[in-house]
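Read top to bottom, the protein sequences are chains X and H. Going by the working numbering, the first sequence opens with residue 5, and the numbers climb by one from there. Going by the working numbering, the second sequence opens with residue 64, and the numbers climb by one from there.
These aren't lab readings, by the way, just hints derived from the structure by calculation.
If you want the ones that stay clear, here's a sample from chain H, every Cβ over 10 Å from chain X, calculated: (1) 84; (2) 124; (3) 130.
Here are some, though not all, of the chain H residues that point toward chain X, as calculated from beta-carbon distances under 7 Å: (4) 157; (5) 167; (6) 174; (7) 175; (8) 197.
Nothing here was measured: the structure is a model prediction, and the numbers come from that model. Glycine residues also receive a C-beta, built at the ideal position from the N, C-alpha and C atoms.
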Amino acid sequence: VDIPAMRANFARAAATGDEAPLYFYSHLFLSHPETRALFPVSMAHQRDRLFAALGDVIARVDDLEALRPILEQLGRDHRKFGTIAAHYPAVGASLLATLEHFDQDWTPELAKDWTEAYTLVAEVMIEAAEAAAEQPAWWEAEVVGHDRRTIDVAVLQVRPRARYDYAAGQSVSLETDVRPKLWRYYSPANAPRPDGLMEIHVKARDGGPVSTALVRRIGVGDVLRLGPPIGHLVLHDDSDRDLLLVAGGLGLAPLKALVDHVARKGPPRRVDLFAGFRTEDQIYDRPDLERMVREHPWLTVTFAVSEDKISGLEHGDIGDVVLRHGPWNSREICVAGPAVMVEDTVSRLVASGVPTQRISSEVFAPSRPGPSVDGEVTE
Amino acid sequence: MTTDQSPAESPAPPAERGLTPADLHNVRFTRASMMRPGYVDTEVDRVLARVAEELGRLYAEKAALRDEVRSLRAQVDGIVVPEAPSEQAVRILSSAQQTADNYVAEAEEFSRQVTHDARVEYEEMTREARETAGAILQAAQEAAAKIGPSATPGSERGLEEVEEQVAYLKAFGQAVRTQLRSYLEALLTDVETEWGKADPAVLPVARPPAQRSAGTTTFEANTVEEPADGAAEAVPAATGARRSG
Numbered sequence: 005v006d007i008p009a010m011r012a013n014f015a016r017a018a019a020t021g022d023e024a025p026l027y028f029y030s031h032l033f034l035s036h037p038e039t040r041a042l043f044p045v046s047m048a049h050q051r052d053r054l055f056a057a058l059g060d061v062i063a064r065v066d067d068l069e070a071l072r073p074i075l076e077q078l079g080r081d082h083r084k085f086g087t088i089a090a091h092y093p094a095v096g097a098s099l100l101a102t103l104e105h106f107d108q109d110w111t112p113e114l115a116k117d118w119t120e121a122y123t124l125v126a127e128v129m130i131e132a133a134e135a136a137a138e139q140p141a142w143w144e145a146e147v148v149g150h151d152r153r154t155i156d157v158a159v160l161q162v163r164p165r166a167r168y169d170y171a172a173g174q175s176v177s178l179e180t181d182v183r184p185k186l187w188r189y190y191s192p193a194n195a196p197r198p199d200g201l202m203e204i205h206v207k208a209r210d211g212g213p214v215s216t217a218l219v220r221r222i223g224v225g226d227v228l229r230l231g232p233p234i235g236h237l238v239l240h241d242d243s244d245r246d247l248l249l250v251a252g253g254l255g256l257a258p259l260k261a262l263v264d265h266v267a268r269k270g271p272p273r274r275v276d277l278f279a280g281f282r283t284e285d286q287i288y289d290r291p292d293l294e295r296m297v298r299e300h301p302w303l304t305v306t307f308a309v310s311e312d313k314i315s316g317l318e319h320g321d322i323g324d325v326v327l328r329h330g331p332w333n334s335r336e337i338c339v340a341g342p343a344v345m346v347e348d349t350v351s352r353l354v355a356s357g358v359p360t361q362r363i364s365s366e367v368f369a370p371s372r373p374g375p376s377v378d379g380e381v382t383e
Numbered sequence: 064m065t066t067d068q069s070p071a072e073s074p075a076p077p078a079e080r081g082l083t084p085a086d087l088h089n090v091r092f093t094r095a096s097m098m099r100p101g102y103v104d105t106e107v108d109r110v111l112a113r114v115a116e117e118l119g120r121l122y123a124e125k126a127a128l129r130d131e132v133r134s135l136r137a138q139v140d141g142i143v144v145p146e147a148p149s150e151q152a153v154r155i156l157s158s159a160q161q162t163a164d165n166y167v168a169e170a171e172e173f174s175r176q177v178t179h180d181a182r183v184e185y186e187e188m189t190r191e192a193r194e195t196a197g198a199i200l201q202a203a204q205e206a207a208a209k210i211g212p213s214a215t216p217g218s219e220r221g222l223e224e225v226e227e228q229v230a231y232l233k234a235f236g237q238a239v240r241t242q243l244r245s246y247l248e249a250l251l252t253d254v255e256t257e258w259g260k261a262d263p264a265v266l267p268v269a270r271p272p273a274q275r276s277a278g279t280t281t282f283e284a285n286t287v288e289e290p291a292d293g294a295a296e297a298v299p300a301a302t303g304a305r306r307s308g
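Just chain X, same shape as in the assembly (with noise of 0.2 Å):
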């Protein structure tokens, strides 16, 4: 096998930039129509991901066991897309047809090439998809409860139909009806309960058409579809350190996940949580969090404002408010919320010595569309 030719050749049809995913999905679309249903109905940013995730595959075409992983993690994660064996082929057609085109010096070595890696790789996310069938693709669950809290914000009780297995801080995909096709990350908003309710967060994003319609369409009644859970903020089983968290706006849904964790499966700990909004009106979930804290004594909930000057609470960027009332040295600590507080949390908390592997953190971006091929959640 020929890599760097395949990666010549590769090369030619990505530097078309948007050219050639549009010509790849056109040729998919007109000689198989069925697969046309599984894409939504704007295809610009499926388009970008298409070449960005076979960009990563090729990166790493001769070395398939540090590729494995990824493909099994992608084969499994298309479930939820509806996507069956019977598809596989059919893209591979499509992909070499789009190559080809691209490529004035096509060559029958290259076509070989490529139909062989793309058969190994087919067959890897074929074998994960088909190991992961005996928990279903999809679970539907219906929202029992949806309330507006402020202007953009709602926070929906949600009931999956099936059993859903799920860890306090990790991210769970969604999809409405409403908006067919688009998947976006969610962190529940607290551990896994008996009965299965799951608390989710909203922040209706100016423009973003699966966050507003969550916050200003759905209702009790309405069904949501959760593809499997996928991990970002877990807490080590084997400390019992006690826990700083700090949270920047919707950030606070996987923070009060892991405060519901530590309530209802221990170790004890004392958990100190910091939440910071630009103005007291957008503290979406005061009440709840103030109950929290009158029921478990080893829980504190600071809020800070920081566009505020009328309030009365604490002022200026979280991660400020945090190193005032340190030193954390000793904590394990969680930080979730945009780009820009996490980054500054951590790097102050870094500075004031706390150790980096005691820091986990999770950016929050205004779109979340899905983990790219390295497990990362991108914007």
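With the hints as your guide, set chain H onto chain X.
Okay, now just chain H, sitting in the frame of chain X:
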């Protein structure tokens, strides 16, 4: 025993012709005799034997055909690739998709801008209202404190007036908030409809807007029940409002 078509050959038609359903329908057995009622049993046995033989032959033939189908289908799967779409078709679909993508992107961008502008306006107005109300409150409290120590009948009346004014201002602030909020909601609903137009597949489902919870809104230190939408035209009378905390 006779059959209609071939009485002469009955009951042994040529083997290669096989036994047809019609043959069986048309079988007529001879009555045995007055002494032994029923059909002649040799005839019946002969027909049964032939039916069994025919059935066996059909089963074998069916199995052979099934194998043939399977091998043919395997060949077909291996060979037949759906005809590659023409370059022209790919181009047409590509440009159609791009047009659709552009419309959706424009709708999203429009929605983003309108929502953003509305939010900025809302936040600015809320902030101003809060600051104004805060300043007035503070002035009122300072005035009340000044009057407080020397409590004469006249100053008590003054205190009462100040309290009344404070309560009125709080209610006024709340009403402004509520009006702003419903104005913004209406704007957002418009935006939502525009988005729907860009994605007609999801439009036909007429659904009521997401339920608003009857929550409470915090205004300064006071907690005031949020009035229902539309009930905010008139500033509530000051007398009913609670004391500030």
